[in-house]
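Per this note's numbering, the sequence shown starts with residue 1, numbered consecutively.
What the hints contain is simulated information worked out from the structure, not anything from laboratory work.
Hints should not be assumed to be uniformly reliable.
As the list claims (entries may be wrong) - In silico DSS-like cross-links for lysine-lysine, where the CA-CA straight-line distance does not exceed 30 Å: (1) K193 x K236; (2) K236 x K275; (3) K550 x K537; (4) K195 x K236; (5) K275 x K263; (6) K58 x K21; (7) K290 x K193.
Values in this document were obtained by computation on a predicted structure and should not be read as measured data.
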Amino acid sequence: MHSISHYVRLGYLQWRLRRLKRYLRGTADCQAVQRERLMEKIRLNQDSQFGREHGFEKIRSVEDFRARVPIANYETYRPYIEQVKNGNPGALFGPDTKVLMFSMTSGTTSESKYVPITNHFFEEYRRSWNYWGLATYRDHNDLLSKHTLTLASDWDQFRTAGGIPCGSISGLAAETRPRITNSLFILPNALLKVKGTENKQYASLRVAIESPRVGMIVTANPLTLMHLARMADEQKERLIRDVHDGTLSDHVDVPADVRAVLKQRGKGPNRKRAKELDAVVEQTGHLYPKDFWPGLSVVSVWMGGSVAAYLPSVRQYFGGASLRDHGLSASEGHMTSPMQDESCAGLLDYESHFFEFIPTEEHGTPNPTVLEAHELEEGQEYFLLMSTLSGLYRYDIHDVVRCDGFLGQCPRLTFLNKGAHYSSMTGEKLSELQVTQAVGQAFQDCGVLIDHYSLVPVPGDPAYYRLLIEERFDAEKVREIAARVDQRLSEVNCEYDDRLQGHRMAGVTVVRVPEGTWAEHRRIQTSGEGNDTYAYKHPFLAAKQELAEKFRALSDIAMSD
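Kindly generate the complete structure, drawing on both the sequences and the hints.
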């Protein structure tokens with residue numbers, strides 16, 4: 001027998017599904033809708049400083065837009081964004097735009113990227129996620145009578161000089177959910193204010209594990225899920241005692257006001273649930289989500305790119321729940337929405353941003369072919385450009401996608417990897433520029449002179465990087481170099497630091513390879529016909545898959561000697 005609230009949500013879902021159907025039908029006019037969205041963005045911000053400098057008022061077509069606005073990266077927009085941070089939104093936006101916050105992520109340089117989240121952008125962001133959510137609940141309407149566990153981060157971690165909040169857009173989305181659906185989400189928003197991965201994950205587990213009716217878990221990174229599952233097992237005695245006593249362990253650093261909220265929301269001692277959890281441990285020897293949440297239907301997590309290697313472990317801990325990729329999404333915007341389980345091919349979010357695509361073989365050339373969404377070819381790979389209401393136009397996010405078919409004129413895209421000079425095993429988005437800055441500084445810190453090295457990604461559980469060098473040092477110096485490299489990488493890349501602190505990555509391992517390794521690699525790379533010896537660039541970051549595999553094999557041999 002379902003509750004009244006279940007039937008209210010069911011009616012709401014059926015009403016909202018009409019919007020999803022219109023959205024899916026609209027893919028037949030993807031080209032026209034995309035061009036409408038572009039012109040809306042141009043008109044909205046044509047009176048901004050950037051708009052005036054680039055002649056927005058004269059843009060009437062995609063061709064005009066491309067002629068006046070070059071393909072760009074974040075550094076092109078940084079001077080304008082700095083003005084916005086300091087209280088001058090007119091640098092990028094028209095008078096009808098309000099900047100709600102800045103979403104932060106790592107950049108190609110040592111400075112973090114601050115992506116302006118405007119009222120108009122956030123409206124598009126929520127609508128895009130809503131389509132994904134509607135399709136998920138359409139396929140799993142049992143979720144209407146279960147809880148959803150969403151792991152989000154604080155959107156107001158600190159303020160700019162102009163008083164604008166900075167943090168994670170996921171937190172803003174959590175705090176502004178519609179009231180009618182908010183009761184589905186088991187975690188109180190007060191938990192957003194808990195600092196530190198260990199503290200937040202334990203507190204989240206403590207709240208969520210009290211209910212046996214968790215039906216869906218939503219987070220970006222599979223490693224977060226694996227860490228959550230292992231924490232439940234490793235801390236099982238403490239968790240069960242907290243549930244039994246109605247407490248939150250003192251070992252968790254949680255602000256007093258957040259503890260007060262949790263106590264107010266809690267139901268006091270829950271001996272019945274504690275007994276159920278004890279029974280799980282007695283029967284299985286462990287305390288894993290697949291056992292204490294038997295009704296888990298959906299695990300929503302990244303499935304594409306390098307993180308696919310972690311999915312078998314996710315299934316091991318979370319049982320038979322369907323995996324649902326929530327699409328290609330970043331601080332810069334939500335780009336695709338998978339419409340079915342067990343697939344990372346997502347429908348391009350054609351209603352929100354304006355998208356362009358460059359064939360991978362032409363990326364970085366002076367005059368590449370640039371295509372609109374409807375012009376893609378199935379099976380081909382592209383770099384993706386975005387123009388958004390965050391004030392970023394023709395923005396090269398350095399994501400490589402593959403076209404896996406169409407719905408109407410709208411492509412289904414699968415994320416493959418970051419571009420050639422990036423490595424991102426767990427979402428750290430490490431650039432070669434960051435590597436050279438950080439490792440070079442680390443060598444100076446340690447008083448060593450090393451001209452050539454390569455940082456090699458090693459997927460695993462946990463993932464980590466190997467620093468390959470030819471020079472010989474004693475064990476103490478090797479440990480010092482590794483620690484300093486981790487420290488400096490954390491300073492230039494906030495995502496790397498976050499993953500180290502959250503135990504989603506392990507620290508750097510220094511591996512000595514035979515003398516002459518780099519000279520031999522250069523010889524091979526420049527020996528082919530037409531190769532220019534003087535154009536050779538040493539790979540300080542082995543980001544390309546083929547090169548990373550070669551260097552991993554080389555270092556495996558070196559480590560076994």
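Evaluated hints:
For the proposed pair K193 and K236, the alpha carbon gap of about 24 Å is at most 30 Å, so the pair holds. Straight-line distance between C-alpha atoms of K236 and K275 comes to about 12 Å, which keeps the hinted pair within the 30 Å bound. Restraint check: the Cα-Cα separation between K550 and K537 comes to about 17 Å, which is no more than 30 Å; the hinted pair holds. In summary, the hint linking K195 to K236 is supported, as the alpha carbons are separated by about 22 Å, within the 30 Å threshold.
A hinted pair counts as satisfied when its Cα atoms are at most 30 Å apart, and K275 with K263 qualifies at roughly 21 Å. Proposed proximity of K58 and K21 is contradicted: the alpha carbons are some 36 Å apart, above 30 Å. A distance of roughly 28 Å separates the Cα atoms of K290 and K193; the hinted pair therefore holds under the 30 Å criterion.
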